[in-house]
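**Q** Sequence:
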Amino acid sequence: MFMSSESSLNYLHALRSNHTLSRAERHDLEAKLARWVKVIDGLDEEPGLSVDNSFVEKIKIASEEAHQIRGILSPIRLLPPELLSAVFLQCNRTYPNPDPREAPLLLTHVCCHWRRVAVSTPMLWSALHVHPHKDQDKLHSYKSLLELFLTRSDTTPLYLRLQLLPVAPEGVLDIIVPHAHRWRDIQMDMQGHPKQLQVLIGVAETPLLRTITIQTPDRYRFQQHHLQDIKCFRRAPLLRHLALMSWWDPSLIQFPWSQLTHLRLGGDASPATFTASSWSDMLRQCVELRHLELDFADARISTSPVETPILLPHLQFLKLQNSVGDSALFHRLVAPKLTDLSYCPPFGRVGFVSVGVFKSFIGRSHCTVTSLSLRLRDEFAKAVIGWLECVSAVINLRVDFQDAGRGAEPALLEALSYQHTSFPDDTRYLLPKLQRVHLIPCSPTSRTQLVDMIRARRFVPQGSNVPLHGDKIPQSLLSAHIEPGLIVEPGGELGYTKEMLSLLQDVIEDGMEIRVSYEHDKE
1 MFMSSESSLN YLHALRSNHT LSRAERHDLE AKLARWVKVI DGLDEEPGLS
51 VDNSFVEKIK IASEEAHQIR GILSPIRLLP PELLSAVFLQ CNRTYPNPDP
101 REAPLLLTHV CCHWRRVAVS TPMLWSALHV HPHKDQDKLH SYKSLLELFL
151 TRSDTTPLYL RLQLLPVAPE GVLDIIVPHA HRWRDIQMDM QGHPKQLQVL
201 IGVAETPLLR TITIQTPDRY RFQQHHLQDI KCFRRAPLLR HLALMSWWDP
251 SLIQFPWSQL THLRLGGDAS PATFTASSWS DMLRQCVELR HLELDFADAR
301 ISTSPVETPI LLPHLQFLKL QNSVGDSALF HRLVAPKLTD LSYCPPFGRV
351 GFVSVGVFKS FIGRSHCTVT SLSLRLRDEF AKAVIGWLEC VSAVINLRVD
401 FQDAGRGAEP ALLEALSYQH TSFPDDTRYL LPKLQRVHLI PCSPTSRTQL
451 VDMIRARRFV PQGSNVPLHG DKIPQSLLSA HIEPGLIVEP GGELGYTKEM
501 LSLLQDVIED GMEIRVSYEH DKE
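For the record, in the sequence shown the residue sitting at position 114 is 114 according to full-length UniProt numbering, with numbers rising by one throughout.
The set of hints was computed from the structure by calculation and includes no laboratory data. Incorrect hints may appear among the rest.
Subject to a maximum C-alpha distance of 16 Å in a straight line, what follows is the list of computed EDC-like cross-link-like pairs (lysine to aspartate or glutamate) [stated by the list, open to error]:
id : residue 1 : residue 2
1  : Lys32     : Glu64
2  : Lys359    : Glu389
3  : Lys433    : Asp340
Here the structure is a predicted model, which means the values were calculated and not measured.
Turn these sequences into a full structure, and let the hints steer you where they fit.
**A** Okay, structure coming up:
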């Protein structure tokens with residue numbers, strides 16, 4: 001009645017193999033499992049039954065056999081190895097740690113079958129977060145795990161995030177650098193001195209490299225001769241994305257500027273700082289650039305005019321944040337294909353870049369901006385409406401009032417609500433093609449102006465005889481995303497949301513999308 005040791009070994013063999021059961025085998029095992037379950041359940045229903053030790057041992061063995069049969073019949077064993085491999089890839093972090101408690105190493109500890117599938121999936125080992133231990137006793141085993149990942153990744157492209165400590169542990173970079181010919185995406189968080197990168201001088205090229213991100217602490221100031229001999233990033237024919245964060249001058253390492261499509265300079269934590277001639281000369285070389293982000297908060301950038309225009313013929317997205325050099329850039333930039341613009345003026349400055357400078361940039365570029373994101377600083381200035389008058393093709397508008405004065409929000413909402421008059425004989429709608437608006441944070445005290453604006457832009461008076469300038473009657477607003485600020489009124493967030501949806505019930509019934517969300521919704 002009970003299984004033999006031989007059958008137990010057969011079950012264990014089946015559990016450790018990738019054998020796919022036939023229909024007959026599955027039927028046989030399911031019937032056997034049902035018998036064991038019936039026997040065990042029957043014993044549970046006879047609490048007064050007296051049993052000896054041998055019988056208890058047999059019941060224990062029967063339970064183990066039932067458990068093993070369930071394992072063999074598990075639905076996941078029906079997955080072919082190729083599909084199981086794909087599932088494993090979804091378990092990984094973007095940059096997994098070489099830690100036995102995390103995937104992919106953890107997957108190899110489940111069973112022999114999973115181990116074989118994991119080890120035979122090179123892509124599972126091709127992404128890696130390199131964060132060496134400071135403890136010298138643990139460093140040896142850590143380096144062994146790094147070598148294990150690199151060996152199992154075989155010849156697949158590598159995706160690496162390197163956190164380089166102030167004192168680089170001996171031998172860690174020596175393990176990574178010989179695989180430079182396989183680097184596809186590399187992020188370097190340089191918590192130590194940038195001269196650590198001198199180990200790259202011996203690398204001739206990085207033929208598969210597509211993305212580089214480099215971040216350096218602001219406390220380091222160093223000379224170019226530390227890094228000028230690094231050529232491998234210059235010899236990277238596939239490189240398209242480059243981000244130089246913090247205090248990093250573009251001239252420190254040679255990059256193939258002319259082939260880049262995405263470029264980011266500077267960051268929130270530590271701003272970029274270099275001369276106007278440095279970044280302007282660099283940008284002129286970026287003739288294939290599609291996406292540009294500049295963040296020069298508190299940087300000491302000269303705004304002296306540069307005579308030669310900066311032509312970026314393919315630029316589609318431009319983000320300027322906290323950049324004291326924004327006026328100098330708008331003075332010289334020519335971007336005929338620009339469609340998406342995000343702008344946040346530096347702290348301490350009242351207002352935007354002047355309307356005249358911005359209007360000149362738009363006219364010189366002959367671009368059609370359809371998506372505009374603005375973050376207002378200090379008091380609301382008429383320059384903001386002046387900016388909006390220069391981009392009448394905008395479809396998507398995002399405005400962040402977080403640092404704006406009290407009058408900013410109601411003034412802009414009123415300007416967007418009805419016909420806007422800049423001059424006595426010039427009556428027109430502001431942003432006549434606007435279809436989607438996103439307001440952050442939208443103060444609860446401005447709900448009346450907000451509701452009026454949404455209703456006015458949704459129910460456009462199509463039969464109006466109001467004289468218009470340029471565009472015809474505006475398009476109807478399709479969606480509004482509202483992110484309220486701190487809610488201190490009775491009912492809190494739920495009460496505010498219900499009230500707004502109630503006030504806008506008519507536009508919702510008309511087919512407009514209204515979304516109310518809060519900061520914690522993003523977490």
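**Q** List in ascending order the numbers of the hints, as given earlier, that are violated by the structure.
**A** Per hint list: zero violations.
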